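*Asks:* Here's the letter readout for the chains.
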Amino acid sequence: MLWYGSGNAVNPYWNYRYNTNQDVRDRFLLNASLKYEFNSWLNAEVKAGGDLYSTNTESFLYAGSPIVANGRYSMGKENFSETNYSALISARKDGLFGKFGGAASLGGNLMNQKKTWLNGSSGELEVPDLFSLNNGKSPATVSEGLNHKRINSIYGTVQLSYDNYWFVDATLRNDWSSTLSKANRSFLYPSISTSLVVTDMIQAEGGSIPAWVTYGKVRASMAQVGNDLSPYQLYNTYTIGKDPNGNTTAGRNSILFDPNVRNELIKSLEVGAEVRFFKNRLGLDVAWYKSNATRQLINIPMDPLSGYSSRKINAGDIQNTGIELMADARVIENPEGLSWGVNVNYSKNKNTIEDLLGNEITRYGIGGFDNLQVLAITGQKYGEIYGTKYRRVEDVNSPHHGKLILNADGYPQADSELFRLGNQQATGLLGITNTFLYKGLQFSFLVDARFGGQIYSGTNKAMQQAGNAAITAPGGERNMMILDGVIGNAEDGYTQNTKEITTQRYWETITTIGNLGVVEANVYDASNVRLRNVQLNYNLPSKLLTKTPFQKARVGVSCNNVWMISSHLNGIDPESVFATGTNAVGFENSSPPTSRTIMFNLSVGF
Amino acid sequence: MKNITKKLLFLTIGSALTFSCSNFEEINIDPKAANIDQVQVEYFLNGSMIDAQQDPHVAERAFVLYWKTAGRQQRSNGIATGIADDGWSSDYYGGGYMSKWLNSANMAVQTAKSQMEAGTQKPYTNNSLQAARIWRVYLMSELADNFGPIPIEAFQGVNPEFADLKTVYYFLLKELKEASAAIDPSVKVPDNIKKLDAAYGYDYAKWKSYANSMRLRLSMRLSEVDPAKAKEEFEDAVKGNIITDASTMFQIQEKPGWDALTGVMSREWNAQLLSATLNNLYIGLGGISSKDQLPASFHAAIKPANWMGLKFANHITTMTNDPGAGFWFDGLHDVIDPRAYKTFIIPGDFTNADFSNYPTYATDPSVTKRDLLDAAGKSVKQIEAKNTWNAGSLGAWGNKGSQNQVYTFSGTNPRLAQRYRNSLNKRVFFGPWETYFLIAEAGVRGWTVPTPAKEAYEAGIKASFDYVGGVGTRLSTYLNSVSYNRAGTSVSWDHVAEPPASRVMNYADGYTNAAGTMNAIYPKNELYKAGAVKNDRLTKIITQKFIAQTPWLPLETWSDHRRLGLPFFENPAVEIPLPNLPALTSSNYMTSSIKFFPQRLKYPSSLQNSNPAGYEKAKGLLGGEDAVLTPLWWAKH
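As you go down the protein sequences, you meet chains A and B in turn. Yeah, the first sequence ends on 897 if you go by the numbering used here, and it's all consecutive. Yeah, the second sequence ends on 861 if you go by the numbering used here, and it's all consecutive.
Because the hints were derived from the structure by calculation, they are not lab data.
Here are the computed lysine to aspartate or glutamate pairs in the EDC-like style, where the Cα-Cα straight-line distance is at most 20 angstroms:
1) A:LYS473 to B:GLU249
2) A:LYS533 to B:ASP415
3) A:LYS790 to B:GLU799
4) A:LYS406 to B:GLU249
5) A:LYS405 to B:GLU250
6) A:LYS406 to B:GLU250
7) A:LYS428 to B:ASP279
8) A:LYS533 to B:ASP261
9) A:LYS428 to B:GLU492
10) A:LYS368 to A:ASP314
11) A:LYS581 to A:GLU555
12) B:LYS843 to A:ASP706
13) A:LYS533 to B:ASP483
14) A:LYS406 to B:ASP254
Distance windows between CB atoms, simulated:
15) B:GLU385 to A:SER477: 33 to 41 angstroms
16) B:ASP718 to A:GLY758: 53 to 61 angstroms
17) A:ASN410 to B:GLY693: 40 to 48 angstroms
18) B:ASP408 to A:TRP305: 57 to 65 angstroms
19) B:ILE260 to A:GLU373: 29 to 37 angstroms
20) A:ARG769 to B:MET742: 30 to 38 angstroms
Selected chain A positions facing chain B (in silico; Cβ < 10 angstroms):
21) LYS440
22) THR470
23) LEU471
24) TYR526
25) THR528
26) ALA541
27) ALA699
28) GLN795
Source: prediction; values computed, not measured. By construction, the Cβ of each residue, glycine as well, lies at the ideal position given by its N, Cα and C atoms.
Let the sequences and hints guide you as you build the complete structure.
*Replies:* Structure follows, in structure tokens:
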């Protein structure tokens, strides 16, 4: 049973056989539609659809592990249904007025979504390995729930085109959601986009373009999207439950709801251009965008002594701006011999908190531990990293300015205040794919680079503390050290340090001040360059296949996360994070290494 | 054609009307959630009291790893060497635990008040309200004794403002006084409501006793910082009903399993080793020989009174002011407090029903032979720990620790009796002994109390003996004993003679068996009367209180030490420096200082962002850094 040593760790071989889960889902999808063509340009369609599924989950823990002596059993049932009824009237006509063409539609939708669930757990079993809810040492615990919401919508679209080189699309949608209060239930959101194929326009207007220009297009769009809430997130309610003795308890919910919250409204703006040259051998796509998530519905953490762990608010304005550049080139094109293609992607995104809740809330924590905090702060980029710094001589007039202030024994000290140490956002991302083709052989590799941004690495700290980080014994040597710092004295402030210390004690000191050591010591530049993916494929010559039932056959191998070419984290992948599902990507702490996958594939076509 | 268009349009519009928004309000009401008219005062209070028993997750963090360590009821480093874990503190403070317990207690208070305003109350609602107020005081005191400043006006759906500890304590004392006075014991309670009070079954007289005894505890907390208020509140509270016997104890039945009622000390991997602090109080105290306490099979292991043990200079630290430092005691002590063998079990005593076989998934508890190693990992000396009694000093043992397989191993050290670990006991929140020791302390301070200090002191010891049980009928021998323990304190109330500076003890070198003698000194506790006094009455009271409060009330033993510097807490060993106790060094480990002991927990780091204004205020009110070593208002400074 034991994994190793005398701890309470569970042997993974035991775990995979005796600590098991099972999920079964039955799903039905139903669709019906009726369409009537009034004439060549007008039609109407009525649709009804249903998506029904039920999920049964069970988990079994057998007796004999240190987890729970006699084993444990739990089960759950979930039913989901969503029905949609919609009607749409569409019209389309080219050559509406001269070279103008147009299309329009008007429709409505009724959505009804319902989910119910029931979960039970036996707790520790009385009779070992009898997996029944009523076989617990304590009465089974049961939880149940129900979610029900409806959205009614009306929407319309208008499309206009001119001579097949200029297009304008506009949409308008109004939703009524059951999850918002009567005053805020109805919300409207439009979009408009346009594109102009410049090359087609010039030609259509009788102009000519140089032969080396193949294609050119400019585009712009503006859109808004509204989102509602999940059900039951307006009014504060209470829970009634049972204590382990079977007596009644009551409690409050953990999120403070506000019945006056409104729908989210995400506004986005994009302009872009696409050009292609030399008979499509070189292409370039450029885009600039700005999106503002306004009134975003988020749970902002509260002091739990308020009665709630968080509150639901419409957060003011969270903005993303950036550019995306894409280029592709077929450098060598030779269908008989070697071909070489290059694809380059570059993007730069800046995520800023323009407003949370006025002056009332100007920051919240998105992750962190002890003296390390990853924060969202009004007016700053999302994901600011704060932590402790070494104590240093801050007085610019001091001859020792900038030097570490050591304690009497010659060890570094930390300031107790938290300082800004960086930001987790990358300033730019670059990806370059090279593809080579020779006869049936295809070889490609993708090099990814990330520029800028910082990350705190708890793994580096832990290894320094344990003494198994390379940096704790450079070149295998553990020489005594004298830190370049000063020690405070009563007379004239500071004297240069002369105390000799051991490497072991040095690393112990800087890693055990607070739970994460002196945070500054392990904040790293998260920039890195890696060979993300390598692929090799081979298409079997059709000659070989003539006597087989196959038309096509291909074998290949691909490898992901191949080689970290350059990184500052001493072997830790800057893409590791401390927990799954967190937004605090600037915090890594004993994360499992990012995995490398190798896939072999064979595909055949008949 | 146009007709069909019309029909379709009508169909569309018609169906839209049929499925209109008219029932949207209804749809968005969760049918499984309770509204404010459905929840009852007693439901909230029951939830609060049961949850506050601490499920194993938080019990391991708060009760075991923080309180038992800081309160020196087990040998462990962690918080005792200045390290508070942000994850543990966040869990304890957070919405899953303390904040939830307090939230429910506040909801009980609010619900009762609003029912009484609306005239919808039951005959017993007023009494339930008072019980909720009394319970809320306990929870607030628990929170405040861990962190320091806390809010008084809280749970209103807005981030609360923190109050200084003086305001908090004054509020708590006032609440206890008012709530106790407002209970009407003549009210009849239906049986289905009685079930909702796991402590007293809504026996109102007992709630009054608990309120008054709590008032004694909390007023005494102010003895050093605000003696006038402490005296005034204490003298008033002690006039009422108080907890003086087992039947009025505030205690709650534990249950096996994994929920809030599971024993707080039930995690098998926590070794629950005897601490050197407690061992120094036990050894020599009470004048009762181990021969009179143990079956004959143990007698051969009992060593003479002047035996110090085996000296292992390379394997046991001496860089601490622990009077037992440097020695392995290769047997049982001649004289020891009779509660020692009941509360902690001798290594190798496998047939004792109270011997803890935890962790059951490993053989450690049954292994009594372990080695002392050299730097290469080769055995230098094998130690047989069966029928021995040791408690290694806490702190950093450096190489002496890494080459010593014995000093923190579960099979080779006395560990807490299984009865406190098997989830079949009752967790004690207030025992009669505490009331008596508080009265005795008040008597020593010259406050007006109904029972003379000596009588209260002896009644406290008797209550503790009765609670531990099976310690025999040697109480009078014990009460008259003038035998000093290792901290230099005796039991007898009338015996206040100070111990000699040192005494001559025999020992043997553990490696060579060469016999030796040494002058064993009684440790100097500079925290109390500058280290000049080891055997005055207050020291006796707090010594006995510490022993009696083990193992259920470690937060109180931590608080008494913070308040008085009593009893003697040895310094953590500093074979290598402890980065989180920077003031403790290789040159001062023989002296005591508040800088060597944890004073509080750091607030959870999330508070800085979830309640920035509250946090800044709290930090200001602390009067120091938000750090483990910042003393609370009522503590020694």
